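So the sequence lines, in the order shown, correspond to chains B and F.
Note that this note's numbering numbers the first sequence so that position 115 is 115, with each residue one more than the last.
Note that this note's numbering numbers the second sequence so that position 67 is 1067, with each residue one more than the last.
To be clear, the hints were calculated from the coordinates, so they are not data collected in a lab.
Errors might be hidden in some of the hints.
List time: in silico SDA-like cross-link candidates among lysine to any residue, alpha-carbon distance up to 20 Å [to be verified]:
(1) K288(B) / I230(B)
(2) K1055(F) / E74(B)
(3) K1055(F) / I2(B)
(4) K1042(F) / R36(B)
(5) K1010(F) / E66(B)
(6) K288(B) / G110(B)
(7) K1042(F) / S44(B)
(8) K1010(F) / E67(B)
(9) K1009(F) / K1049(F)
(10) K13(B) / R36(B)
(11) K208(B) / G159(B)
(12) K288(B) / I232(B)
(13) K1055(F) / E32(B)
(14) K1042(F) / E32(B)
(15) K1042(F) / R61(B)
(16) K1042(F) / I45(B)
Being a predicted model, the structure only gives us computed values, none of them experimental.
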Amino acid sequence: MIQSIADYLSQLKKELSGCDRATIQDALSDAEEYLRTALNSVTSIDATISEADALSLIIERYGLPEEVATAYREIEHHITPALAQPSYPDEPEEAKKEKDERSLLSRFFGVFADFRVWGAFLYLLFSLATGILYFTWVVTGISLSAGLLILIIGLPFAGLFILSIRGIGLVEGRIVEALLGIRMPRRPQFHRRNMGLWVRFKNIILDKYTWLSIAYMILQLPLGTIYFSIFITLIVLSLFGIAIPILQLGFDVPININGGSYYLAGWMLPLTVVAGILLATLTMHLAKYVGRMHGALAKVLLVRG
Amino acid sequence: MTSTNEETKKFQKELNAGTTALVLLGVLGQTSKPMYGYQIAKLIEANTKDIPIMKQGALYPVLRSLESSGLLESEVEPSVSGPPRRYYRITETGRETLERWLEIWDQIKALVDNVMHGGER
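All chains, full assembly: derive it from the sequences and hints.
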């Protein structure tokens, strides 16, 4: 039985032993504020009641020292971190530090060792092929769906086409994740089984993401064409620069520009090699950034927000 | 019987863990003047029917944690009788958070209602 407020506070302090000192401080001042205010209001209503009796009524409401202590402990352990929203760094500290410590030169040429950059490079070259494929599929599908709509097979055909869009979107997501390293969804979106076919169809048609996926697939053709042309040109140029001395000295092949044949002076040959290597490295860096950009685009258009 | 009672208590406790913060933020979101712990506790008590749902002592740590995450702010004022009181007031972030929490609350309420009443679509 708790006889006085001081009694309660000392018990509460005992229950909280081991907690953070600030927590104990908070808990004690909170309890004191409540108990004193409550005691004042109870005794002002009924002056005959003894302090111990009044306190037992108040503690009934406020909670026993062990109950209150549990509440503070729980808050200390669970709620604060959840509300404080700790930030999750994108990469572990170690990796970041290691990255920062490397010299500028090794970071510049390091792209050749980064398999992600090679993945992006591969993806960008292949995007012409996938772009042609997606574009043809979407344009054929949409025009056939629209054309067949007056026939009885029109709706089922349109439904199948839309489903195929979802499927291709998912597959493209897997490719993007594998080659560009951008996290994409692994599972199809709908799981509900109790919906009628018609409702399901309507839902998919009205879903913004169906149309965004279609937009992505159409966009892939121009983008793929641009990526392919730029990167093929850059790679050919840099390989050419590296190959000039070999061709000229080893095989006696001149450079042919606009119908004229040229031999480069001896001192220029090492320079073309250096220029070729630099251009190749820059191309890889460009591939890294364009790949990242395309991954972001894919994420916006293919992934539900 | 005791085991179902245990389960009920546990359920009550888990539910309280989330709703206490919402209720406190809601109480402070509705008044313009700052309130101290005992006042808030009495106000909540006045709004609970029959048995009190939570121990009032459990409100204080939640107030503290809401303050430390910037949803509430407080200042201590000496009182005429008894110890100084800590007055809490909702912050601008707190108001925005309350709005979002109420949306979540509405969704959960609707979910429970729909499940229990066979939810018509």
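So which hints don't hold here, by number, going up?
none
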